[in-house]
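Please work from the sequences and hints to get the whole structure.
Chains H and F are the protein sequences, given in the same order. Numbering follows the working numbering, with no gaps: position 654 of the first sequence is 654. Numbering follows the working numbering, with no gaps: position 114 of the second sequence is 923.
Treat the hints with care, since some could be wrong.
Examples of chain H residues toward chain F, derived with CB under 8 Å [claimed, not checked]: (1) Asp457; (2) Tyr618; (3) Thr715; (4) Val725.
Read the hints as simulated data drawn from the structure, not as lab findings. Backbone N, C-alpha and C define an ideal beta-carbon position, used for all residues, glycine too.
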Amino acid sequence: MSATADANPLGTVPETPRVGAVGLGQSVPRPDAAAKVRGEFEFSSDLSVDDSLFGATLRSPHPHAEIASIDVSAAAAIDGVAAVITADDVPGSSTYGLITADQPVFAATKVTYTGQPVAAVAASSREVAHRALDAIVVTYVEREPVLNPEDVVAAAERATEKNDQGRGHHRHLHDDDRARGGDVFRHLRLVHGDEAASGSIEVEGTYEIGTQDQAFLGLEAAVAMPSGDGGVELRTATQWLHEDRRQIAACLDLDESRVHIELGGVGGAFGGREDISLQIHVCLLALACGQPVRMHYHRGESFLGHVHRHPATIWMRHHATDRGELVKVEARLVFDGGAFASTSEAVLGNAVTHAVGPYVCPHAVVDGWVVRTNRPPCGAMRGFGVVQVAFAHESQMDKLAEAIGLDPVELRLRNALTTGKPLATGQLLDSVAPVRECLEAVRDLPMPITPVNGARDPRELPGGTGLTTAGAHVSRGVGYGVSIKNLMYSEGADDYSTARVAVADGVATVYVAAAEVGQGFVTLAHQIAASALGVADVRVAAADTDVGSAGSTSASRQTWMSGAAVNAACEAVREQMIADIAQRCAVPIGRLRIEQGVVYDADRRIGDVAECTAGQSYDHTCQYRHRPTTGLDERGQGNCQTAWAFAAHRAVVDVDPDLGLVKVVQVATGQDVGRALNPLAVIGQIEGGVAQGLGLAVMEELVDVGGRIKNPTFTDYLLPTAMDVPPVAVVLIEQREPLSPLGAKGVGEPPTISSTPAIVAAIRDALRRAGREQPLTRVPVRPEHIVGAGADGAGVDRHNDTGPAGKRR
Amino acid sequence: MGEAYSLDVNGVTRDVHDAAPTASLLQVLRERLGLLGTQGACEEGECGSCSVLIDEAVVCSCLVLASCAVGKRIITIEGLTESAVAEDIQKAYVAAGAVQCGFCTPGLVVATHALLDTASDPSEPDIREALSGNICRCTGYGRIVDAVQRVALERRATTKAAKKP
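Now the structure itself:
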């Protein structure tokens, strides 16, 4: 428990970590924590190499324009400038992309989003590099930007009607469009059960989700060095080393073996480092100059330089019996993918397949679109499409509960998924599925005891140190949310991880390319190796491309996938090592034990590992794949995912209904984690994810007007501080997942998903209790939505050009 | 365009050459003096990852002109580490699980040190307010508050024990 348990009666830590604890299930401290607290940890922005030049990027000031000309001569002539490169200087593929290679390394004939790279320079210092950028002359002819995704959908629907005689299709349209570079990244339709089914109770609503940014603190940074054989060495912060290598090699026209990547320290990622940002540019500059080049984005550039969470408009209609049993969910999803495809296809796939939520529902019709506009590209952010639909489906469940007169928790319990039930894709849910347990856990936790009104520390009131709330009218509300999230990749993706483990002289070294971005995989790798091998001295080598791919640090997959690969490699080493020792020491294998670096024959100590294996070394590489998944058919049906995790959230908020201010007082969560391999690390991930869910609920939005982001700064993009995030009460629901080699489920994404709708539900509840109901159908909830300044309080947003809220069928 | 001046950093006088007069203390610490522990996540005074102590007060070094810090006592995370004066704070952060990516961590250690230097029994709102100038994107602050509470408790216990006749 925390040190002052009475000050924080809902303290969350179930156990205090024991220094020296090594096994799985122990809260082993991070191996890199000591360096981090001392200021000695090397982040990618701390990397430097002698004689390195400084690289910088010229970006489009327009959301849509033709490039009439680019003149780099004045820039190239500046003293200290070593290279100025544009699209003409890209030797290989002119475009890159995670799924579809549609994104230009440098814009050549047109720009299609504000911030799109047009050129890059390498110079002797940052100041000279920026002077060179200013000296590049680009002549633009501005064009009208496409900013309303509904217009793109409408045009596509008209084209479909003309060409396709009304046949249902999804990827068909998309594939044609993709080939033409068309504006629909994906149209996916899902029909489960009977399309014509209906229920006696119907509720519908249209929901909007604004653009959230990952806002990782560690700014994009890299060092690239020519490796002398025409190849290049790159050190950078990324989520997927091998995928970066594939794209860099293609654009540089190099064999992948000539591109070597080593992971620099990563200051957070949350999906924002899955796509290429500066990697290809810095490698091109290094090869152009024949010298090392460093690049380092500043914050404003970072906001433009990586993908964001897709903003979306979602219409839903829920049908139920008058006992509250779900009969059918209809949904129409329109996701704004921005200028390039990134992972939009996969994000939409997730959104469509998760639109029903963690509930049993015999019939569903979901029509999902993700389209191209002239906004900065959208892609992966923790939750990956499910965050958006969860806000809609949980808001709908509350609406349904109210229409029927049922308690919102009871309605959810009545419909909760269990193992063995079919999902909206027709796939049977065969993961452990403790939905009921998660929800009951948060329902049963004691409520916070601090008084709503009366004498309170003003810092705990809505508005905090602004001292704006008098306190007398503060209303407290409670809200709930539950979610389902797939783990690992979907729809037939070849999802695997590789690990190599070597033991020599009693030292085990783990080589795995799983990007450590702060989530604690590096700790887990230590724990697995220590417990599987019994070796006391375990090192995890810096991640690089010498070992095979571990896949991305995303999709809540690394614990399951790379954990399994490391474990498999350790088992292979152990088997060989034990057989050797058995032979050497003439001891039956069955009696041998290795613990904390010592070899035992039952209880008799034989010697330490180094002695018992003197002269021998062991080295195994293993690959782990989860069971195959399939694509979706023309009704969106298929066994497209491999495992799922669940979470429930309860939020308590205080609201000042006159000023529209919110204080989140407490978030409680029950999360289905399978097995907590490191409870303290799991809690850290859950608390951090809840903070991001809170941010989306009440604080965070990238505001754009005319395709130009107005708040690419920490001053105006509001991130939750220690005064915004309340204590989080965590209940870990541990039911071992049989499909997962170590029994554990990924934990990174579920906390970000139903935390947002729970908080918004709590605000609605607080307003209802104050007699001031507001629909609150948009996140982030703004003061004017709470006060009811819009025509319907739904958040007709004056700040954004998002256009009219949704279209209904 | 070289300016030459000296800065008192971590008790050592360091000469700065050829820094632009517009250079922030953050830039000089990192790029001229090789002290990379102090980070710059926003360079606009919002995130606190650049926190240092100037004459014992926590400041955002990205907002201080290096040339204006002449004649002042500057302590960075390296100085706190070297002098071991914040060792219990650093150990508590590790033990409490308060470190994930670590980018905010040096700034938080500096801010925690400043808080506990002036407040021996901070309440939870006191702690959260004192650390509200340090953004953490990974942890949600729960384990950080716990770490600070542990240190405050241990220091009070140590002081109490020392005071016993």
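Do the hints match the structure? See the list:
no.	hint	result
1	Asp457	holds, 5 Å
2	Tyr618	violated, 31 Å
3	Thr715	holds, 6 Å
4	Val725	holds, 5 Å
In this structure, only the earlier hint numbered 2 is contradicted, and the remaining ones agree with it.
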